[in-house]
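In the order they appear, the protein sequences are chains C and R. Position in the first sequence (first residue = 1) + 1 = the working numbering. Position in the second sequence (first residue = 1) + 557 = the working numbering.
By construction, these hints were calculated from the structure, which means they are not laboratory data. Honestly, I wouldn't trust all of these hints.
Claimed, not checked - Going by beta-carbon spacing under 10 Å, a handful of chain C positions derived as facing chain R:
id: 1; residue: Q244
id: 2; residue: D636
id: 3; residue: E683
id: 4; residue: F684
id: 5; residue: N693
id: 6; residue: E768
As the list claims (entries may be wrong) - One side of the interface only, derived from the structure: several residues of chain C facing chain R at Cβ under 8 Å:
id: 7; residue: E638
id: 8; residue: W679
id: 9; residue: D685
id: 10; residue: K687
id: 11; residue: L692
id: 12; residue: Q698
id: 13; residue: L764
id: 14; residue: E765
id: 15; residue: A766
Stated by the list, open to error - The calculated lysine to any residue pairs, modelled on SDA-like cross-linking and capped at a C-alpha distance of 20 Å, are:
id: 16; chain 1: C; residue 1: K687; chain 2: R; residue 2: R713
id: 17; chain 1: R; residue 1: K601; chain 2: C; residue 2: R133
id: 18; chain 1: C; residue 1: K489; chain 2: C; residue 2: G607
id: 19; chain 1: R; residue 1: K601; chain 2: C; residue 2: A438
id: 20; chain 1: C; residue 1: K687; chain 2: R; residue 2: V875
id: 21; chain 1: C; residue 1: K168; chain 2: C; residue 2: R91
Beta carbons are placed, not taken as given, at the ideal position from N, Cα and C, and that holds for glycine.
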Amino acid sequence: VSEGPREPRLVVEGPEPEPLDRDFEVIGRPLNRLDGVEKVTGRARYAGDLRLPGMLFAKIVRCPHAHARITRIDASRALALPGVRAVISRDTDPDWLTYWYMIPQPAFPGEVGYAGGEVAAVAADDPVTAARAADLVDVTYEVLPTVFSVEEALRPGAPLVPTLNVKAERDGNVQGPPFSWQRGDVAAGLAAADVVIDEVYRVPSQFHVDIQTRTCIADWDGQRLTVHDSAQGVWNVKLQLAQSLGLDPERVRVNVQYMGGGFGSKAGAQRYAHYAARLAMVTGRPVKLEMTRREEFLSHPRRYSGVVRVRLGARRDGTLTAIVFAVDLDLGAGTLFRLVSHREMVFTHVAELYACPAVAIDIRGVYTNTPPTGPQRGVLNQVASYTMEAAMDTLARALDRDPVEVRLRNDSPWADPEARIAFSSKRLTECADAVIAALGWERRAAMEADNRGQTRKRGLGIAFYAIERAGVPPYQARAEVLVTPDGKVELRAGVVEIGAGQVTVLAMLAAEELGVDPEAVRVVWGDTDGTLYAPSSHASRVTIEMGPAVLQAAALARRELFRYAGPWLDAPDEELRSGGGRIYVKSADWRSITFAEACRLLPPEGIRSVGSRGPNPENPVLRAFGVQGMEVEVDEESGEIRVVRVVSAHDIGRALNPKLVESQHHGAILMGLGYGRWEEPEFDPKTGRLLNTDVHQYRIPTALETPAIEVINIEGEDRFYPYSAKPVGEAPFLGVAPAFRNAVLHATGLHINELPITVPRLLEALESRHRSGRAG
Amino acid sequence: VQAELPPFEHVDAATVEEAVHWLQRYGRRARLLAGGTDLLGLLKDRIAGPALPLPEMLVNVKRVPELRRIAANGDGALVIGGAVTLAEVEEHSGVRAGFPALAEAAASVGTTQIRSVGTVGGNLCQRPWCSYFRHPEYVCFKRGGRQCYAITGANRYYFSVTNLGICVMSHPSDLAPALIALEAQAVVAGPGGRRRVALERFFQGPRAVEETVLGEGELLVAVEVPAPAPGTVSVFRKQRVRDTWDFALAEVAVALRQHEGVCEEVRVVLGGVAPAPARAVGAEEVLRGRPLDAAAIAAAAACAVQRPRPLAMNGYKVQITKALVRRALRAAAGSEGGRTV
Chain C
2 VSEGPREPRL VVEGPEPEPL DRDFEVIGRP LNRLDGVEKV TGRARYAGDL
52 RLPGMLFAKI VRCPHAHARI TRIDASRALA LPGVRAVISR DTDPDWLTYW
102 YMIPQPAFPG EVGYAGGEVA AVAADDPVTA ARAADLVDVT YEVLPTVFSV
152 EEALRPGAPL VPTLNVKAER DGNVQGPPFS WQRGDVAAGL AAADVVIDEV
202 YRVPSQFHVD IQTRTCIADW DGQRLTVHDS AQGVWNVKLQ LAQSLGLDPE
252 RVRVNVQYMG GGFGSKAGAQ RYAHYAARLA MVTGRPVKLE MTRREEFLSH
302 PRRYSGVVRV RLGARRDGTL TAIVFAVDLD LGAGTLFRLV SHREMVFTHV
352 AELYACPAVA IDIRGVYTNT PPTGPQRGVL NQVASYTMEA AMDTLARALD
402 RDPVEVRLRN DSPWADPEAR IAFSSKRLTE CADAVIAALG WERRAAMEAD
452 NRGQTRKRGL GIAFYAIERA GVPPYQARAE VLVTPDGKVE LRAGVVEIGA
502 GQVTVLAMLA AEELGVDPEA VRVVWGDTDG TLYAPSSHAS RVTIEMGPAV
552 LQAAALARRE LFRYAGPWLD APDEELRSGG GRIYVKSADW RSITFAEACR
602 LLPPEGIRSV GSRGPNPENP VLRAFGVQGM EVEVDEESGE IRVVRVVSAH
652 DIGRALNPKL VESQHHGAIL MGLGYGRWEE PEFDPKTGRL LNTDVHQYRI
702 PTALETPAIE VINIEGEDRF YPYSAKPVGE APFLGVAPAF RNAVLHATGL
752 HINELPITVP RLLEALESRH RSGRAG
Chain R
558 VQAELPPFEH VDAATVEEAV HWLQRYGRRA RLLAGGTDLL GLLKDRIAGP
608 ALPLPEMLVN VKRVPELRRI AANGDGALVI GGAVTLAEVE EHSGVRAGFP
658 ALAEAAASVG TTQIRSVGTV GGNLCQRPWC SYFRHPEYVC FKRGGRQCYA
708 ITGANRYYFS VTNLGICVMS HPSDLAPALI ALEAQAVVAG PGGRRRVALE
758 RFFQGPRAVE ETVLGEGELL VAVEVPAPAP GTVSVFRKQR VRDTWDFALA
808 EVAVALRQHE GVCEEVRVVL GGVAPAPARA VGAEEVLRGR PLDAAAIAAA
858 AACAVQRPRP LAMNGYKVQI TKALVRRALR AAAGSEGGRT V
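Use the sequences and the hints to build the structure in full.
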């Protein structure tokens, strides 16, 4: 038993910033994003817009087989083609490792584990020649036996899938060691239950489908490597490339301009960027490597698919007595995660969200001869949130109780009731109240009556979620603020503007602390030159990790500026306050000086201050919660489903910029609807080749599929976060697919446990109910 | 995206005859280019094979005036040029007033962007949307290979439920069922001059490599849609996976005329379920001479797909087809917003 939760304070190194001592002027305003005009006018630059003198174009040679040993590579025909400058492969770089996500992987493995794996890379004077040269690299393969599903991969004597990770612990095709955890006695919990449900769910894979296909331009001047990448971080890419290429990190500069989305797929130095860098170093010329849409599908780590068995035991009143959660995940031919080290993603939902004395969790990852897997918006969280929330609805029906009532009955004030580990804040009930009010939850019974005998049926569905994010190693996040005598403010933040508005929010934080307009803050970002180490824009971490650092740096700069303004205003500096572009005497606000005038009092070097985030506390734990609900209309004759309305309430703490928060909900809800309704990789059953490598047959939602969306911010203080702002990047994805599934259940009575619920799948479920003559 | 297209020559034809000239001169090495929404994708992915060589010459017909017009004859018939865009068809007042099934079919194609460049000829002559045909690594029957990979492969969406020929594609054209229901004729120009083919006979079955009867050097100049007899109602219904921007899992066009409460003329045409757009002859026979009541509609829907032979993964399409036929007929009967001319 610990000594109890720590007192709330902002997670920074050193003392907390001094309070503002006034109302917010910038924070909480729905400001337009600072990059908006640049983007809609086409002036914003992306990596692909860059053209360096003497630039070569690269193309990757890919293995067409799902499992093959490379017996020979003959690059002579490719090299003989005029305009071809280099071909790299295991013949030229046999021992070279790439460090995507800091995991050592053979850059050119001798045995390839999926159709689309990299075999060689060529650089030529123009893209057409590069493509022709790639076709002319003659590779001889010994085709090997394959496994395309978890079931096949687990069979005794199954072929061993080569994984990308050279250091992978494994037991056959199982990533080792599997994770197994238990709290309390689940056997006793199940035995004590009045009702036990036992369900098996299939969760599908999902691709990120970033609008920008990834592009990297690498430039080697003999001393220094400069990489213009399409990546979610600059600092982690720098360190990973340096490690792979054997360079001192000081000799690697990474620059990322604007990005057309990442959703996790561009986290870290991706393999393609390693090839571009190597080719630049071999040829001494800048090299551009751009993926086609098909390559985006083939080679970038998608979401795991999995088979999940959930057993819930409950008393008649809905009180949970046991939760037993076991998942087999299909990792493809390699993954960027050790599942064990990301177990919190499952934990938070399964073991913390609901109070339950007995919980067991088993997570096992299995390799198959399909494309690799890796980070994506709420990657393991979704496995837990979909299946647990589907199971909670199935349980509520078995108990003949309202699904919201059953959930709220198990609301827990403790993350760990035995160890007395608290949440820093939890506003789940408020989220639920807001959603059921907005959705008109009381209409459920009337809807059920109206549905009887109808072809078109309406239904309401809901899902809760809990998510842990940010402050996990490496939590290090540093920001720098510079104020110069000419009155200029510069914020140096080594993060990437992935499209979520990171730069706008960080500028708003600095502006608030300094009392200036956010547009007056020049932000240096997206570059390892001129910035300090900062996190990559993934895991919903930028506001939460960089926010405290920016806030601290700006508060320190303000304090320093007051030291110069104090004598001029004839007041002690602790008596000063900033706001509206001025510095005031607190007790006499007619005595003031403009920010610019105060800056003129500074010495020539101006002010430079640094802020740094500290580690998360161990108690309380930092979590965000939310509730999402929707109304659907299902046509049982044609299989059409219409989402009438989505309501999304998130325990945000504080919406720093409500417009940007709302846009995160919109993006996440569309992505969740895609996952729940349409998106599904289609593999050829014989060869394991991915067939739907385009945005027509891999069906992401378009703007026309966007339903009416209502976003509700549930606010309240949580001093561990910057101005109480909790993460929101990934969270509103988590409840969408389960709420959709539960709404279809309410409308039709069908417990569909496999996603996505497409027209064919719904019709097949109706048909099978019709045949068995069983009502739902 | 960097240049993904293979190299080719490009020529702008000014007249139909000039286009025929180029097509004849280059033979199988030439391809007709209008909206390019299908062709450019095939080229970027280098979809080729013995029966589908990568083209050396693209003959652009977007500037041929004759192909770009919708002409209304005095008697109410329409002549729609092959390079008229789908958006133009969808928005044409004469089409909307007299041929609502055609306007609805055009509006259901792809996206706004695709409809604003995609053409009538391109929609009728598009290649299969089978994911094997469109995959760089499968030289299937339609590309000159020996086999169809979909028969025993992934065959959930754009595949036939009526036939096991050599190829199990389902025909993707949205316009074709509507035009066949409206008894349209195709006007074809070629080295031997011009000929007319009933659109119903414009498409070949699953044993032919090419989907249409167009021969070497031939192109589709226009479709002629005769004036519908007074009282004709036409309806189009389509079901897809995604709400928009998708091909049909199944679709149906109905054109019918009632006289004194009895169904006199009726054509029911299915798309998306067979290798070629197909008339549901059984359903038509059930309806002809009967009042269009609930019993007749149910009976027609029940036999909409004659002798269904679905593949392993697409049996559900039979049910969708029946549901769509039921709906289209209900609409035509006046209960669901069908329009009478």
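Satisfaction of hint between R91(C) and K168(C), Cα-Cα up to 20 Å: Holds: K168(C) and R91(C) sit about 19 Å apart, inside 20 Å.
With the threshold set at 20 Å, check whether the alpha-carbon distance from K489(C) to G607(C) stays at or below it. 10 Å, holds
Do the numbers back the hint for L692(C), that is, is its least Cβ distance to chain R under 8 Å? This hint holds: L692(C) lies near chain R, its Cβ roughly 4 Å from the closest one there, short of 8 Å.
Any CB of chain R closer than 8 Å to the CB of Q698(C)? It holds, given that the least Cβ distance between Q698(C) and chain R is near 6 Å, below 8 Å.
D685(C) as chain R interface residue, shortest Cβ-Cβ below 8 Å: Holds. Min distance 5 Å.
Within a Cα-Cα threshold of 20 Å, do K687(C) and V875(R) meet the stated pairing? 26 Å, violated
Does E683(C) pass the interface check with chain R, least Cβ-Cβ distance below 10 Å? With a minimum Cβ separation of about 5 Å from chain R (threshold 10 Å), the hint on E683(C) holds.
Would you check whether F684(C) satisfies its interface hint, that is, whether its CB is within less than 10 Å of any CB in chain R? 7 Å, holds
Does the closest beta carbon of chain R sit nearer than 10 Å to the beta carbon of N693(C)? 6 Å, holds
For the hint on E768(C), just tell me whether its beta-carbon gets within less than 10 Å of chain R. 7 Å, holds
Does W679(C) hold up as a contact with chain R if the rule is Cβ-Cβ below 8 Å? 5 Å, holds
Under the criterion that the straight-line Cα-Cα distance not exceed 20 Å, is the pair K601(R), A438(C) satisfied? Given pair K601(R), A438(C) is violated - Cα atoms ~51 Å apart, limit 20 Å.
Hints 1, 15, 19 and 20 from the earlier list are contradicted by this structure; the remaining hints agree with it.
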